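Novice: Sequence:
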Amino acid sequence: MPNEPIGPRLRALRQASGRTVASVAADAGLSVPYIANLENGRGNPTTNALGRLASALGTELSIGFSSDPPATAGPTPQSVVKLSRSKRFRATAAALAEKSGQDPQDVAARLIGACALLTEALGHEAGEHDWWRVLDALVLIAEHPA
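The sequence shown begins at 1 in UniProt numbering and counts up by one.
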């Protein structure tokens, strides 16, 4: 997503793939503290490090300029983390990705980000059943666009 802070996006991609910081660090040839700091909004990664992280996460690094204001998101809420680790979530992300012709990991990361922003807008975390209602609604919208 353009202008999205790197930390939340990195965490969302990692969580969507069900990976630990340690496994991503090993694949990227970077240290666990380095990646943890990036996920928490600390540090200034090089494009080389970002490229290695993208490769380790099975995605591509895209750098660009935009006039859109940056999206803001805090840490991913625990209820969203738990949701993202379920088989049903991965299957839903895969189904949405197939409908849209996008990468399933990218769709999963976007869903995690959207749920995090929704939590921020609500001012409290939603429950598991609420998240499933949201995801079911998104699937219906994807299957029956206006």
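Quick caveat, the hints were computed from the structure, so don't treat them as lab data. Here the structure is a predicted model, which is why all the values come from computation and not from measurement. Any given hint might turn out to be false.
[Said to hold, decoys possible] Have a look at the derived ranges for each label pair, beta carbon to beta carbon:
{"no.": "1", "residue 1": "G18", "residue 2": "P75", "range": "16 to 26 angstroms"}
{"no.": "2", "residue 1": "H129", "residue 2": "G18", "range": "29 to 39 angstroms"}
{"no.": "3", "residue 1": "K87", "residue 2": "R42", "range": "12 to 22 angstroms"}
{"no.": "4", "residue 1": "G127", "residue 2": "I63", "range": "32 to 42 angstroms"}
{"no.": "5", "residue 1": "Q78", "residue 2": "P5", "range": "13 to 23 angstroms"}
{"no.": "6", "residue 1": "H124", "residue 2": "L61", "range": "16 to 26 angstroms"}
{"no.": "7", "residue 1": "P75", "residue 2": "E128", "range": "13 to 23 angstroms"}
{"no.": "8", "residue 1": "D130", "residue 2": "T46", "range": "19 to 29 angstroms"}
Backbone N, C-alpha and C fix where the C-beta goes; we use that ideal spot for every residue, glycine too.
Novice: With reference to the structure, classify each hint as holding or not holding.
Specialist: A quick look at each hint next to the structure:
Checked against the given bound of 16 to 26 angstroms, the beta carbons of G18 and P75, roughly 18 angstroms apart, stay inside it. About 22 angstroms separates the C-beta atoms of H129 and G18, a value inconsistent with the hinted range of 29 to 39 angstroms. At roughly 33 angstroms, the beta carbons of K87 and R42 sit outside the given window of 12 to 22 angstroms. For the pair G127 and I63, the beta carbons lie near 38 angstroms from each other, so the given range of 32 to 42 angstroms is met.
For the pair Q78 and P5, the beta carbons lie near 19 angstroms from each other, so the given range of 13 to 23 angstroms is met. H124 and L61 have their C-beta atoms about 34 angstroms apart, which leaves the hinted 16 to 26 angstroms range violated. Remark: the range hint 13 to 23 angstroms for P75 to E128 is upheld by a beta-carbon distance near 19 angstroms. Between D130 and T46 the beta carbons are some 40 angstroms apart, a value that contradicts the proposed interval 19 to 29 angstroms.
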